[in-house]
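K.L.:
As a plain string of letters, each chain reads:
2 protein chains.
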Amino acid sequence: MNLDLAPDPLLAVPGPSQIPPRVMRALMRVVDHRSPHFHRLYRDVVEGLRYVFRTNGDVYPLTASGTGAVEAMVLNFVRPRDTVLVPVFGSFSRRLVNHLRRVGAEVIEVNYGWDKAPTYEDLKAKVEGMGIKKIDVFATVYNDTSPGLAFRDLPKVVDWVKSYGALVLVDNVSALGGDYFEVDSWGIDVAVSSSQKCLASPPVMSFITVATSEAYRKAESISHPSIYFDINLIRKFGEKFETPFTPSVNYLFAIREALSIIREVGLENWIRWHIERGRAIINALRRAGFETFIENDYYRSSTVLSFKYPQGVDSARFRSIVYRLGVSISDAMDDIKGKAFRIGNMGYLTRRDALSLVSAIIAAAAELMAIKDVDVNSFREILNYWEPEQFSVDEG
Amino acid sequence: MNLDLAPDPLLAVPGPSQIPPRVMRALMRVVDHRSPHFHRLYRDVVEGLRYVFRTNGDVYPLTASGTGAVEAMVLNFVRPRDTVLVPVFGSFSRRLVNHLRRVGAEVIEVNYGWDKAPTYEDLKAKVEGMGIKKIDVFATVYNDTSPGLAFRDLPKVVDWVKSYGALVLVDNVSALGGDYFEVDSWGIDVAVSSSQKCLASPPVMSFITVATSEAYRKAESISHPSIYFDINLIRKFGEKFETPFTPSVNYLFAIREALSIIREVGLENWIRWHIERGRAIINALRRAGFETFIENDYYRSSTVLSFKYPQGVDSARFRSIVYRLGVSISDAMDDIKGKAFRIGNMGYLTRRDALSLVSAIIAAAAELMAIKDVDVNSFREILNYWEPEQFSVDEG
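Here the protein sequences line up with chains A and B, keeping their order.
The working numbering puts the first residue of the first sequence at 1162, with every later residue one more than the last.
The working numbering puts the first residue of the second sequence at 1162, with every later residue one more than the last.
Isolated chain A (complex conformation) (with noise of 0.2 Å):
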């Protein structure tokens, strides 16, 4: 087989997902990182991302997928020996406590398995239960890829977790955009996302936020082995709207092509268009006869979609026809490995995409003789479901 020449995939998995080309066509340039144009480029894609975060605190890009954006987060604002509260529910909140002990932060893990996310009064019970005093720094993960949960209570838990002095740091990097997530409203302190999810933009780099003059205060104090990474040089090049080493500046390019196409849609609908379609395919697939990973639907993720593989069917078969088919799905990972697929419902995921992925996913299961027959309705979901008038197409 000459991949090549092989059709590429839709993108259907939980980042890369798929781009819109005016966003690919702006890929096409690039500019010195120390020049008039460089300035002006960077001060609009900080503006947008202000935007999507909603905050007026500072956001930084980094040349680093989101993982190197976790890691900047960990080494700027924990000490090591700080009581680190963490909620663990897949494999990025676990990733999130390995960073955490590799600093040296002494780490209460409270976990929830794999199929449910953390509730404000059940993790509140959990830590005063074990007669926790102290909380330096509460650090989790919002949307946690590898089952597909969302922490639905993070604002409430935020507010509690700030009667310790804790500083509140959360790992967003697979749902800015693609559900609600407020910054300065909730009380967040420093925040990280990526760019190849929700935001509809190539994979590259991935942003932090700096909300607050705590988090600052805290970074100023802190030594690392890290310069690639170190928050204070990135701010002080930021201010004179620069980064400290070159960045992706085609990439900076696209990102801001990307926030603009979000600006022209409202964020408020780009999200609502991410639940909605996102509904649409579950619904679809489960007239189909398929069964989400995640039962209850407060826990479920509005952009990582996953469902159990249909009964004695072979997993990696199952993807591989699905990906014949042309479309990319993902397995689930570590602890779920092979009990689940997961559907990236990301970003600039249409209504022909939408219709592709769904229709592929039941083709493989009648190929696998998994399913007899096929409900009509599954179609009717993905033809009626809301989407930006940006996008609709009217029967005209």
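Hints are all accurate, no fakes.
The calculated DSSO-like cross-link candidates involving lysine-lysine, where the alpha carbons are at most 27 Å apart (straight line), are:
(1) A/K1401 - B/K1500
(2) B/K1397 - A/K1498
(3) B/K1295 - B/K1323
(4) A/K1401 - B/K1498
(5) B/K1500 - A/K1397
(6) A/K1498 - A/K1469
(7) B/K1401 - A/K1498
(8) B/K1401 - A/K1500
Just so you know, these hints were derived from the structure itself, not from any lab.
Using the hints provided, position chain B relative to the given structure of chain A.
P.N.:
This is chain B only, laid out in the frame that chain A set:
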């Protein structure tokens, strides 16, 4: 001024450099980084990188700028308390020292000022004069772009430091593909380079080659706080043609294209092109009355050409006139800021680009009354330098 309407200046800075249209267009593809399409892409890229690094060892792409790759090198191959010998001859070698100290190494700095690179005889004499008996690591920059110096004696120095059993780490961020560099035959253990310099691809990624089993053995025994730059993890994923974290997939398509252009031209020719073009630019500007900042031919870099500003001329004003003419050049950095300007002679700089560059510099000097006449032979230098036949246009 609307900088979105103002044309993008020619990139004659020490990175980013001009991108061939074929490479720019190759950016416009993204696939799932856990898919068969990606495995093939990864393999092609690594094979092309081995060719330019002149190594049979492993090469890994990192989603980070060159500074990130240097950080990866330092974190993974230097133990706290290691005695590390470092020659310092510019900003980037000084940054290397800074990096090494952050991980707790005992650094022996040998300083060469900002106008000459180390030589074998001198470095050896100094180290022996200091009575040094133990060198665990020899770490150096090969081409320090800040003054425009190349460390020509590196192969001899490698032979000598190997007699101490030292591991050899080399930052060749700014000259790979633009000057001779041989990882295997020179005996280098670990080297890093970057995308946006002489490899004619966009600023996004950097590359690390681990060429010896000694290097791997050492890395396995070291623990450090970074997951993002953990070479053991990167290696594990590299074995299955993947990266541990989402890489810049679109960029990997671009570097594959750039590497295939370099193969079509031939690495020897690609390097020779840099050297001959650099010599022609120097000759052209000398004829116009400019003086090179590095007087000695032996020390001078082929990829970063530095010149003294014309006497009595305001350095910022001078560069801003060049910029207005559509050409981006750089000031020198740190210790010699304002004393020299720097030209990136890197990658896909065509004959027309070289002409624009030289004439914009001459025009700025004329505007500031810093030269009286222009020697027409300046232009003949640009007309007549050697370039690969693939890029040559005959009088025909």
